[in-house]
Structure formats: structure tokens, C-alpha cells
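Participant: Sequence:
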Amino acid sequence: MLHDHRKPRPHFDLRLEEDGVLRSWAVPKGLPTSSRHDRLAVAVDDHEMDHLGYTDEHKSVADTGWWEDESRDDHRVVFVLHGQGGSRRYALIRTDRDWLLHLTKDQPTA
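First residue of the sequence shown? That's 1 in full-length UniProt numbering, and the numbers climb one at a time after it.
Honestly, the hints are just simulated from the structure, not real lab data.
The beta carbon of each residue, even a glycine, is placed where N, CA and C say it ideally should be.
Don't take every hint at face value.
Label pairs and their calculated CB-CB ranges [to be verified]: (1) Asp56 <-> Thr109: 32 to 40 angstroms; (2) Thr55 <-> Lys105: 29 to 37 angstroms; (3) Pro108 <-> Arg36: 13 to 21 angstroms.
For lysine-lysine, the following DSS-like pairs were computed, each having C-alpha atoms within a straight-line distance of at most 30 angstroms [what the hints assert, rightly or not]: (4) Lys7 <-> Lys59; (5) Lys29 <-> Lys7; (6) Lys105 <-> Lys29; (7) Lys59 <-> Lys29.
All chains should be modelled from the sequences, with the hints used to inform the complete structure.
Facilitator: Given below as C-alpha cells:
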């Protein structure tokens with residue numbers, strides 16, 4: 001799930017279902033479109049599953065689909081998002097304070 005938020009400042013919320021909850025990150029500049037430019041991803045509290053379809057005057061659903069966990073350790077999660085526009089491989093990389101969302105160079109084949 002990718003939510004498009006307009007308030008308090010425009011950003012996207014990346015939500016990955018895991019263990020019955022939605023793990024969530026606020027991504028101020030949206031998902032990266034190039035492997036050369038990582039995006040800040042701020043971890044936020046988990047959300048309940050009923051938040052999947054939630055919309056209001058400031059929040060809309062930007063994309064839906066499913067995700068595939070490829071590898072993970074304490075500092076990195078590599079996964080493929082299978083959305084309406086196709087599949088893209090990303091890595092969430094933990095920094096000292098937040099996370100970086102990275103579009104990997106190697107992408108899934110159609």
C-alpha cells in the first residue's frame with residue numbers, strides 16, 4: 001500500500017503488511033525513481049490492517065499490491081513491490097536515525 005498524504009506536508013506512506021500489522025514509513029519525496037538517488041524514509045508506528053483502504057480529504061491510495069521479502073538483516077531489508085504499475089526492487093537501509101529507501105540497480109524482469 002502506498003498512501004499519498006497532502007497534510008501536514010505532502011509525503012507518501014509506504015505500508016508493508018507483516019505479522020498482521022502494517023509496517024509503515026513516511027517518505028517525504030516519494031519512492032526513488034533512480035538507483036542513484038535514495039530517499040529518506042522515516043519509520044512511523046505500525047498501523048492496523050483496517051488502515052489499508054483508509055482515505056480522507058488529505059489522504060488517498062496511490063498504489064496497492066503485494067510485497068515479497070528477498071533478504072534482511074538488522075540494517076537492511078531488500079524487497080520487491082508488486083504494484084499496479086509493475087514490480088520494482090527496493091532496499092530499506094537503516095541509518096543512525098532513520099531509514100533510506102533505495103531503488104536497486106538489479107530489477108525484476110517482466
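Participant: Would you mind marking each hint as holding or not holding in the structure?
Facilitator: Each hint tested on the structure:
1. Asp56 <-> Thr109: 32 to 40 angstroms: Given range 32 to 40 angstroms: holds, Cβ gap about 38 angstroms.
2. Thr55 <-> Lys105: 29 to 37 angstroms: 34 angstroms Cβ-Cβ, so the 29 to 37 angstroms window holds.
3. Pro108 <-> Arg36: 13 to 21 angstroms: holds, 19 angstroms
4. Lys7 <-> Lys59: holds, 8 angstroms
5. Lys29 <-> Lys7: Measuring from Cα to Cα gives roughly 14 angstroms; hence the hint holds.
6. Lys105 <-> Lys29: Holds, because 19 angstroms separates the two Cα atoms, which is no more than 30 angstroms.
7. Lys59 <-> Lys29: holds, 15 angstroms
Of the numbered hints stated above, none is contradicted by the structure.
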